[in-house]
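Chemist: Sequence:
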Amino acid sequence: MNSTSPRLECIEVSRNTPPPESRAILQNINFSVTTGEILAVTGPSGAGKSTLLRLLNRLEEPTSGNIRLDGEDTRALPPAELRRRIGLVMQHPYLFPGTVAGNIAFGPGQQGVHLAAKAMQSMLEEVGLPGFASRDAATLSGGEAQRVSILRTLANQPELLLLDEPTSALDAANRQSVEDLILRLIRERGLTCIWVTHSPDQARLADRVLHLESGKVVAFGTPEEVLS
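The numbering of the sequence shown is the working numbering, which starts it at 169 and goes up by one.
Hints are computed from structural coordinates only; laboratory data are not their basis. Just so you know, even glycine gets a beta-carbon here, dropped at the ideal spot from N, CA and C. Just so you know, not all the hints are guaranteed correct.
Pair by pair, the computed Cβ-Cβ distance ranges are [as the list claims (entries may be wrong)]:
| id | residue 1 | residue 2 | range |
| --- | --- | --- | --- |
| 1 | Q289 | S190 | 34 to 40 Å |
| 2 | D241 | A337 | 29 to 35 Å |
| 3 | Y262 | Q344 | 19 to 25 Å |
Restricting the straight-line Cα-Cα distance to at most 20 Å, the calculated cross-link-like pairs of lysine to aspartate or glutamate (DMTMM-like) are [unchecked claim]:
| id | residue 1 | residue 2 |
| --- | --- | --- |
| 4 | K384 | E228 |
| 5 | K384 | E177 |
| 6 | K384 | E180 |
| 7 | K384 | E229 |
| 8 | K384 | D332 |
| 9 | K384 | E189 |
Model the full structure from these sequences, guided by the hints.
Modeler: And the structure:
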């Protein structure tokens with residue numbers, strides 16, 4: 169695939185609340201991201217940022233419009249396959265009861281893939297959590313839990329990573345370290361990434377910025393063009 173071809177496209181995508189209210193949450197959203205690109209999505213609370221991410225891996229469905237992954241309508245893909253290819257990391261890490269290793273191995277296990285102990289150890293070292301495989305997920309700190317959440321998503325080897333304010337619930341020290349970790353993993357793995365953030369400093373780390381207000385795109389361009 170040509171690296172300049174869209175990896176993911178939104179074409180005239182809208183989302184309304186169910187009838188009888190039918191209030192517009194997103195209206196005629198158009199954008200695309202290419203392989204290896206980081207796109208920051210910014211805007212005030214209620215602008216539709218999180219809804220957009222949920223549409224991208226079909227946790228919600230658009231009222232109208234089309235979302236394409238590598239040129240294919242995402243509605244043509246089985247949801248489980250789509251969510252493996254488009255991984256989502258939420259603001260609050262919702263880990264499953266049990267061990268850290270059990271959380272990380274869940275996605276591959278659903279695909280019939282067994283993660284060997286050596287591979288698990290290597291992955292945990294990659295995110296700064298050596299020796300955590302047998303730890304109870306319920307005992308983790310906020311920063312540790314978010315690292316495990318990121319690793320659980322990456323264990324599925326997604327092509328595209330969706331980040332819904334993954335550092336906003338952390339204290340300042342953990343926020344910076346998790347941000348640095350995410351950026352390193354994106355670059356090392358060559359991931360395409362869509363990152364919802366309220367932080368202008370985080371948005372400036374992206375290749376391009378999509379700014380939403382009241383469910384509409386009001387700016388789309390480089391950080392210098394959108395954030396200046």
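Chemist: Each hint: holds or not?
Modeler: Hints versus structure:
1. Q289 with S190: 34 to 40 Å: Violated: the Cβ-Cβ distance is about 51 Å, outside 34 to 40 Å.
2. D241 with A337: 29 to 35 Å: 34 Å, holds
3. Y262 with Q344: 19 to 25 Å: 23 Å, holds
4. K384 with E228: 18 Å, holds
5. K384 with E177: This hinted pair holds, its Cα atoms lying about 16 Å apart.
6. K384 with E180: 11 Å, holds
7. K384 with E229: Holds - the C-alpha atoms of E229 and K384 are around 17 Å apart, at most 20 Å.
8. K384 with D332: Measuring from Cα to Cα gives roughly 18 Å; hence the hint holds.
9. K384 with E189: Answer holds: K384 to E189 is near 19 Å, not above 20 Å.
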